[in-house]
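Chemist: Now that you have both chains on their own, put them together as the hints suggest.
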Amino acid sequence: EAGVAQSPRYKIIEKRQSVAFWCNPISGHATLYWYQQILGQGPKLLIQFQNNGVVDDSQLPKDRFSAERLKGVDSTLKIQPAKLEDSAVYLCASSTPGGFWGYTFGSGTRLTVV
Amino acid sequence: AQRVTQPEKLLSVFKGAPVELKCNYSYSGSPELFWYVQYSRQRLQLLLRHISRESIKGFTADLNKGETSFHLKKPFAQEEDSAMYYCALSGGGGGNKLTFGTGTQLKVEL
Chain W
1 EAGVAQSPRY KIIEKRQSVA FWCNPISGHA TLYWYQQILG QGPKLLIQFQ NNGVVDDSQL
61 PKDRFSAERL KGVDSTLKIQ PAKLEDSAVY LCASSTPGGF WGYTFGSGTR LTVV
Chain V
115 AQRVTQPEKL LSVFKGAPVE LKCNYSYSGS PELFWYVQYS RQRLQLLLRH ISRESIKGFT
175 ADLNKGETSF HLKKPFAQEE DSAMYYCALS GGGGGNKLTF GTGTQLKVEL
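From first to last, the protein sequence lines are chains W and V. Using our numbering, the letters of the first sequence map in sequence onto residues 1 to 114. Using our numbering, the letters of the second sequence map in sequence onto residues 115 to 224.
Everything labelled a hint here was simulated from the structure, so no lab data went into it. Take these hints with a grain of salt, some might be off.
Cut-off 25 Å, straight-line C-alpha distance, at most; resulting in silico cross-link-like pairs (DSS-like, lysine-lysine) [said to hold, decoys possible]:
# : chain 1 : residue 1 : chain 2 : residue 2
1 : W       : K44       : V       : K179
2 : V       : K129      : W       : K44
3 : V       : K211      : W       : K78
4 : V       : K129      : V       : K211
5 : W       : K15       : W       : K44
For reference, chain V alone in the conformation it holds in the complex (with noise of 0.2 Å):
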C-alpha cells in the first residue's frame, strides 16, 4: 500500500524566512514524488516533480530514498507563496493514480 503524510497541518513563516514542508512517503517499489499547490480559489496544480529536479518558483524538492522523505524547501518565503501544499506520490506502471498527503496550509506573514 502507497501513503503519504504531511505531518504539519499548518506553517506559519515570516515573510524572507526559510520555508520546508515536510513529506513522508511509504511505497516498496520506486515512487514518483510531486508537489502540487492550490492557491486561494483557484484550482489544483503541479509545482514540480523529483525526476526533473527543477526549481519552480524558488521551490525545490530532494527525493531521500533512505528517510523516505520530499521535503519542499525554499530559503526566503514570499507572500504569494501563501497556499495549500500537497504532497503526492505515483507507483508509476503507467497508471499514473495518485496518493495525495491532507496538505500544509502555509501562510506566510508580513
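Chain W with its partners taken away, still in its complex shape (with noise of 0.2 Å):
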C-alpha cells in the first residue's frame, strides 16, 4: 500500500514570500489532515478535511495560510506571506472516518523562512 506522499520535502524562502506544499493521501482515505510541527514542539493540527469539506479549521491563521481539497483526493497547504516563525515542519495525515490504525502519516515538508 502506497503512503501519504507530500512535496516538496525541503524548502528555504525569504519572509513575505509565498509557498505551498502538496500532500497526496492513502487512497481511499476520505479524511485528510495538515499538521505543523515547530521545532522542540509536537505537531499542531492546523486543518481537517472531510472528503472536499473542512471539519475543523480553528487553528489555522486565515489571514495568512489557506487550505484546499478540491476533488477531495489530494490538497495544498499554503503560506502567504510567509514569516520567520512559519519555519516548521509541515505534515500530512490521511484515515478512514474513526480509523486510527490507519491513521498514517507523510514524511513531511521541512519549510525554513530566513
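Modeler: Here is the structure:
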C-alpha cells in the first residue's frame, strides 16, 4: 500500500514570500489532515478535511494560511506571506473516518523561512 | 481545552533496563490516548492506543483516569527502541483531531 506522499521535502524561502505544499493521501482515505510541527514541539493540527469539506480549521492562521482539497483527494497548503515563525515541518496525514489504526502520516515538508 | 504533557525531553537508559515514558493529559470528557513513535529518518507512526490494550514491540501503556496519565512502559529496553516518542489525545466525537505532547527522546545505550 502506498503511503501518504508529500512534496517538496525541503523548502527555503525569504520572509514575505509565498510557498505551497502538496499532499496525496492514501487511496480511499476520506479524511486528510495538515499538521504543523515547530522544532521542539509536537505536531499541531492546522486543518482537517472530510472529502473536500473542512471539518476543523480553528487553529489555521487564516490571514496567511489557506488550504484546499478540491476533488476530495490531493490537497495543497499555502502560506502567503510567510513569516520567520512559520519555519516548521508541515505534516500531512490521512485516515478512514474513525480509523486511528489507518491514520498515516507523510514524511513532511521542512520549511525554513529566512 | 485538551492538553498533553510529557515532562521529559530526553530519557537515557542502558540496554536491558526498564523504560517508563511519562504522559499526563487534561481533558474534560472521555479521551482516547495514543503513543506515536518516530525513528530516525522515518515518518511518525502509531505505536499503540489505550483502547486496544495490546503490547506492541514489548511496550504497554495503561490509562489511569484518576491520575490522568498514560505512561509508556517496557521492562527491558533494546537498542532499536531509541526514537522520539509522542503521547497524543483525541477527544473522540468522530473528529479524530489529535493533540500531541512535546515528545520524549529515548536513547538506549549499550
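Chemist: Of the numbered hints stated earlier in the document, which are not met by this structure?
Modeler: 2 and 4
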